[in-house]
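*Asks:* Spelled out, the chains give:
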Amino acid sequence: MSATLGRIGAMASRVLVQLRHDRRQIGLSLVFPLIIIYFIKVLLDALAGPFFNPSVYVIPYGAFLVHFITFLVTAIVLVGERTQGTLDRMFISGYRRLEIISGYLLAYTVLSTLQSLLILVELNWLFSLEYSLAQFAAIYLIMWLLAVISMILGLLVSNFCRTVGQVLPFFPLILISMIVSGVIIPFDKLPDWTHVLSYISPLFYANEVLQELIKGSNLLDNWVMLVSLPLYGVILLMLSTLTLRELD
Amino acid sequence: MGGEVAVSVQGLKKSYGPIQALRGVDLRIESGQIFGLLGPNGAGKTTLIRLLIGSSKRDSGEVSVLGLDPAVEKWALRRAIGYMPQEPALYDDLSARENLTFFAQAHRRRDLAQRVEETLEFVGLSGRANDPLYKLSGGMVQRVSLACAIVHQPPVLFLDEPTTGIDPKLRESFWQHFRRLASEGRTILVSTHQMDEVMYCDRLAILQEGELLAVDTPRKLLWTGEAVITIGRGGQTREFEAHDYPRKLPEILRQYGLEAGIDRIEIEQATLEQVVLSIIAEHDRQKREEN
Chain A
1 MSATLGRIGA
11 MASRVLVQLR
21 HDRRQIGLSL
31 VFPLIIIYFI
41 KVLLDALAGP
51 FFNPSVYVIP
61 YGAFLVHFIT
71 FLVTAIVLVG
81 ERTQGTLDRM
91 FISGYRRLEI
101 ISGYLLAYTV
111 LSTLQSLLIL
121 VELNWLFSLE
131 YSLAQFAAIY
141 LIMWLLAVIS
151 MILGLLVSNF
161 CRTVGQVLPF
171 FPLILISMIV
181 SGVIIPFDKL
191 PDWTHVLSYI
201 SPLFYANEVL
211 QELIKGSNLL
221 DNWVMLVSLP
231 LYGVILLMLS
241 TLTLRELD
Chain B
1001 MGGEVAVSVQ
1011 GLKKSYGPIQ
1021 ALRGVDLRIE
1031 SGQIFGLLGP
1041 NGAGKTTLIR
1051 LLIGSSKRDS
1061 GEVSVLGLDP
1071 AVEKWALRRA
1081 IGYMPQEPAL
1091 YDDLSARENL
1101 TFFAQAHRRR
1111 DLAQRVEETL
1121 EFVGLSGRAN
1131 DPLYKLSGGM
1141 VQRVSLACAI
1151 VHQPPVLFLD
1161 EPTTGIDPKL
1171 RESFWQHFRR
1181 LASEGRTILV
1191 STHQMDEVMY
1201 CDRLAILQEG
1211 ELLAVDTPRK
1221 LLWTGEAVIT
1231 IGRGGQTREF
1241 EAHDYPRKLP
1251 EILRQYGLEA
1261 GIDRIEIEQA
1271 TLEQVVLSII
1281 AEHDRQKREE
1291 N
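Top line first, the protein sequences correspond to chains A and B.
Note that our numbering numbers the first sequence so that position 217 is 217, with each residue one more than the last.
Note that our numbering numbers the second sequence so that position 187 is 1187, with each residue one more than the last.
These aren't lab readings, by the way, just hints derived from the structure by calculation.
Treat the hints with care, as some may be off.
What the hints assert, rightly or not - If the Cβ cut is set under 10 Å, some of the chain A residues that face chain B in the computed set are:
(1) 14
(2) 18
(3) 21
(4) 87
(5) 91
(6) 92
(7) 99
(8) 122
(9) 242
(10) 246
(11) 247
(12) 248
For every residue, glycine included, the Cβ atom is placed at its ideal position computed from N, Cα and C.
Take these sequences, add in the hints, and give me the full structure.
*Replies:* Quick look at the structure:
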């Protein structure tokens, strides 16, 4: 057990050292979402009217940004490990599947924690959101959970890609996921047949909880969706671990 | 030939779809030997190595590395082997020391820091240990890759074309490293398609289209090639063509009655490259006849 924990620690520490050296990735993960949010503010200001309340939209939009960027970064980095042969070398050196995935998750969680926090701080600053501290903490928790799930989704997708180019076809799926999750169009206004797609998207579960929180409900009021989110993550983690190919 | 066996392979077969990468390979490598695996690109060298380290699943046959079956006892085996892939497979943005530490940490050794420093010293990179790999030359990166394979002091090493793309001087220093490792009792299986370096090996196998065509010491393989022996006597010369000339030469000399009049003997031995190419050509000819 201690050997496994040691190897997870070694993995996480190596990824963190690489992240520290990689300014582009830090920029993409931390600065890029902040710039997008600024332009969302510009767009929503242009659309502003007496019956339009932007605060209903901005938190789910922020959540989508976390989802999209975290997925993108994780999938590309992991495919890179495969194409460079380092993933194979890790296995042959004695690192196991769960240790590799856990190490990655641990390291990227540090980045996602910071990313979710910065996004929320900027949203609050630009849109003067009048939420209580408890509401902010609950919103932060959901965004953070979504970030972790997006990472696992990135890991899963990378298992089916041999080149970075093969990650590209998954981008439209993330955009479809945004549409069917209820972030842009409310879930009950979507055609019935698309509901099955909504249930596949992790953003749907996150959005359902976030919408309740925005309305002022308690975190536990929509407990079914709240529990669904980490459960979704665990299932995804199992799939991701099982599909991580080790043999030729 | 009675040494302890480190690697043993019997009837090993592996196919990728319709392509037969290995067609029933038998092999035996004794402990402390440098065993060369020589063959052109696509001969099956990498496939064989990957089956031996448990990174690929065999179709049939028996494999044992240090008494362990790679398909069954993969994790125990990986603690006991070192592997250097064809491409360096390292992290460009990390330093030599960081790369080495990361791969060494998989083995959970107590003397990890000491081993990392000693290995950097061994491959002559102590002075550049903190530079990121993208600042190092190709040869230095290859040395880091070798260091990652040996840092945990494995008794068996699998080196897949470790000297491809590096200059002759560095190549020689690599072989000095391999010799030192073998002198410490480590078994080394090294694949290559460079003829000039296989003379460093204790034993050599020629692999072609998934079949082992010959296994012997490099010197004995060399002797199987044709030699032209020229004997000079009183200003006259006569040429003889012979395979395995160390055996044939006494016979030829006996024809002359081993007389004192012989004043010159020249032996023009085929190069190892010519020998290997003729073995491969003979194999191809037999295949064509069978078909």
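*Asks:* Next, verify each hint and record whether it holds.
*Replies:* Cross-check of the supplied hints:
1. 14: With a closest approach of 5 Å, the residue 14 (chain A) hint holds.
2. 18: Nearest chain B Cβ about 6 Å off; hint holds.
3. 21: Holds, about 5 Å.
4. 87: 9 Å, holds
5. 91: At about 7 Å, which falls below the 10 Å cut-off, the nearest Cβ of chain B leaves the hint on residue 91 (chain A) intact, so it holds.
6. 92: 5 Å, holds
7. 99: At 9 Å from the nearest chain B Cβ, residue 99 (chain A) passes the 10 Å test, so the hint holds.
8. 122: Cβ of residue 122 (chain A) sits 29 Å from chain B, so the hint is violated.
9. 242: Violated: closest Cβ of chain B sits about 17 Å from residue 242 (chain A), beyond 10 Å.
10. 246: 8 Å, holds
11. 247: 6 Å, holds
12. 248: 4 Å, holds
Checked against the numbered hints above, the structure violates hints 8 and 9; every other hint is satisfied.
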